[in-house]
Each structure stands twice: as structure tokens, then as C-alpha cells.
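So the sequence lines, in the order shown, correspond to chains D and U.
Residue numbers for the first sequence follow the working numbering, beginning at 1 and rising by one.
Residue numbers for the second sequence follow the working numbering, beginning at 1 and rising by one.
If you are wondering where the hints come from, they were derived from the structure by calculation, not from laboratory data.
Note that this is a predicted model, so its numbers are computed, not measured.
Treat the hints with care, as some may be off.
The calculated lysine-lysine pairs, modelled on PhoX-like cross-linking and capped at a C-alpha distance of 20 Å, are [claimed, not checked]:
#	chain 1	residue 1	chain 2	residue 2
1	U	K258	U	K185
2	U	K269	D	K133
3	U	K269	D	K82
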Amino acid sequence: TAASFSKNNSLWLDGEDDQDIEGGEENLDIAEDIDQEEIFELIRSISDPEHRSMTLEQLAVVSAPEISFDSVDDGIPSRRIKVEFTPTVPHCGMSTFIGLSIRVRLLRSLPTRFKVDIRVKPGSHQSEHALNKQLNDKERVAAALENPALVEVLEQCLAGATE
Amino acid sequence: MTDQQTPATITLLAELEGHDDRAWHIAWNPQRPIIASCSADKTVRMYNYQTDTSSSDSDSSSPHLKFAHTTTIPTGHTKTVRGIAWSPSGKTLATASFDANIGIWSQDDDDGEGPSGEWECMSLLEGHETECKSVAYSNSGNLLASCSRDKTVWVWEVHPDSDFECMGVLMEHTQDVKCVAWHPKEEILASASYDDTIKLYLDDPSDDWFCATTLSGHESTVWTLAWEPRNGKYLASGSDDGTIRLWRITGGQMNEVKGECVASLEGHKGSVYSISWTPGKHDSTAMEEDGQERLGWLASAGGDGIVIVWEIIEQIPSGSEKPKLTTRRIAQLNAAHDVFDVNSLVWCPRSGLENVFATAGDDGHIKVWAVNYTSP
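Excised from the complex, chain D in its bound form (with noise of 0.2 Å):
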């Protein structure tokens, strides 16, 4: 239906959880909970799309220690989360759908207050400025996921993240 794919192209979960939280301190202590092993634990199974039997995490595209949080500290609690991944080969052509998969699973996954950077690892990528303008340019990653091509693969690679 129209309003299952308009939620799964959806760039933010539309959980009711979060719907429901609504202090600051309770929001401070759950932003809390939330640590870099949980946020591995997310993205770790995600599938390669060049190599769908492989995880990120065997290819050691993601890993635990590249994934960072800041506070951002604008009276509220909300969190920044940087993930940084590792191309296989710095003229990856996949690098900017597997940040894009990345990205996805993490909005859809997180409560809404945390903000995500995905960021190539620095010298991993020839393209590393482009790559990363164009992942954290929230504008272009709506589009994408508006487009049906797209979005069928990244299902597929993210479906291995779920299982």
C-alpha cells in the first residue's frame, strides 16, 4: 500500500515510543543507554552490496571503535552519533550506497533525538570529501530513498541486518 511504502521510505522511525517520551530527564537517562556496542550490534550484519553473503563487519568495513557520540548541547537532550566506515578499496564505487544503508538502518532503528553523521574513515577514499557531503546531505538521502531501484537493493542488504 501507498502508506507502507511512504513509512518504510520514511527518513524517521515512526515508532510511538518515542512519540511517548516527552521529559528531559527521562530522555537524558535513556540517551544514556545507548552505547557504541548498541549502535555496532545495529549495523554490523548489514550486507555488502557487491558481496551479499558478506556482512560489513567481515569485511571490515564497520567496526565498534569507529562509532562516536557527541552531546550536543542545545538544552535538550539530543545525541550526536558519528559512524565512520572503511571502504574496501578507496575507489569503491558502492562507498556512497553503503553509507546510505547505513544511515537508514540507524533512522530507523534509533529514537528520533539522535543525529547521525556517517563519514568515510579520513584516507580511505579518494572521494572522501564528496562522499561525505553527499551522506550527510539529509535533501539528497530523501530523494534516494524515494527512488524504487535504489531502495529494492537497500531492502536486500538491510535484510540481513535484521534477521
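Could you slot chain U onto chain D? The hints should help.
Below, chain U without anything else, positioned relative to chain D:
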């Protein structure tokens, strides 16, 4: 939530829910009490508003506005409706969609008693190859500009009966074009891009539209533009680099157009997605001093959820020196849409409501706010 040290405060007047997905943009009708919003849910929602006289609140500086949802246009766009713009007459609404089309909407007037019926798509402007990001009518309403990820800016001439003729396709940017904005008086068009630049265009009467100058200085994507509203002497730009730049624009149709960066406003902690500039409200507490011209209020919002209102004053020096700008942050609001990004901020253009603006957020909500000085 408002910073105690600022001389003005921002008060919430209304919160309008209803979109099923991220709200991208809002547009106040310049002639009638209507506000429209658009969303990733592919709809446009319209609300009427009126001054609520039943309220007994003694604070008379904030208008009491009551909003009523009037219609939801399904639009038929197959993807996100990213941007909307009213014609100066207030009779026509243009929609820019990620489906690469521009929709032109107006209301039935069958009974001859003024527009009252359903909103209908009168025209669909096709031509862009990929997502349209922004659309804007010129001051006269005779021209419409649109821009897209296909790196182009199109200028359309508006003919009677919703007929549009493409007057030019400007292929000057090297990346997505995020925003288009017309000069408030002259036919000068500005565009902002993912290529970090701003370009200004003019119509050559004997030839085509052309790029008159490029403004460089931002260190990342330029998301948003706003002209100084009375005379268009300045252009403001908001960027992914977190800053807002003010450019003095000189020249015009008769001579060479130039832009010089004269100020950079810092205060946001992330991407500046939207800025809007209002002439502001004239009141007795805001006396103009000699050699000063008040250029109104510039408001900004972005991915950090913060709204900032800046007062912009031009100091006109004696002699042949260049004028200087004084910029001051007069109000700030954190977490305007809770934890969500603010995608759009637009001042109300209607008389008596110059201190009212609306914001659209990733929460799908539209919020309406008023700015007031707290002390003389």
C-alpha cells in the same frame, strides 16, 4: 527556552499538525489569511487564520491568531513536495516536487464570487530531469523560477490561463541548485547551490537570461537565500557551513551587478536550512537615529533546531565611505521543534503581522511564532 540575555522573546502562537511525514516548506499567502505547507507525504495543507478577539490576555503585543484547517491537496505529485510559492496576487500556488515537476494550482471561481472552490492543478511544468527543490515568483508575478538537482535554473514567463513559456535554462552551477529567490523590486534572480556558490542572473533584453555574477565564500552547500525586503540592497545566504552571510548587491539591470560579502552571522551549530527577512514592525520604541537605516529582522533555522532572529541596521557613513552593517542577535529559541530539524522558516508578509513567522519541521508540524521586544 529563550535566551535571557536577548532583548526580544519568541512566543508560540499555534502548532499545526497533520502531515504524515516530514514538513519541508511553508508559504504565507500575500493577500489572504492562508498559510500553506508541503511535505514528504506529497500533500499541501492549507489553513485559514483570523485574529482571535475573544482572548482576554493582556499582552497585546502578540497577535492572537486562530488557525483552521481548510483543505488538503493530494497534489498527485508522485514524490515529496519540497517547495511551494504563492504568486503575488495570492491566487496561484506553485509546487516543486522531487518528481521533477512544477505544479500550478488555483481555485475554482465558477460562481464569480471570488475564489472559494477546490484547488485544481491548472498546469504541470515539465522539463527538469531530476528533483525540483525550490520555486519562486518574481515581484511582478510575471516570472517564475525553478531549480533542481539537475544543476539547472529555469525561468518561466507567466501568461494568462496558466500558460507558461520557458524563457531560459541556466546551466551555471556545477551541482544541485537548492534555492531560487527573486529581488524584491527588480528582475534579478539569485540561486544557491550544493557547489557552495550563489549566482545572480539578469535578462538581456536583446538576448537570453545570463549569469551576471557568482558569489563565493561559503565553505559548504548554500541552502537558502533571502533578499533585504524593502529595496534588495543586500542578499542573505544560509549554508551547511553553519553561517549566514550578508552580501551587498550593487548595480542592476542597467549596469554590472556585483556582490560583496559584508557580514557573516555565527550562532548556529549545524546546517542553516532556511532564512527569511522581514521589514519588521515599526514602533515608537524603535526610533531611527541619524545615519542609520533599519533593514528589519532576519530569522534563521536549521538542523540544530535553533531559531535565531537578527536585527540588521545599516550605518550610513558621511563622505564617500561604504555603508557598514550592524547585526545583533535579538532573540533565540532552542529546540523549536523539540529534537527535530527545522527545514523552513518564513515571515508573514501581511500588514500588522510583520513580527509573526512560521516554521516547518521534520516532525511534520508547522508552528507559528511571534517576536516581541521585552523591554524598550
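Starting from the hint list further up, note which numbers the structure goes against and sort them upward. Per hint list: zero violations.
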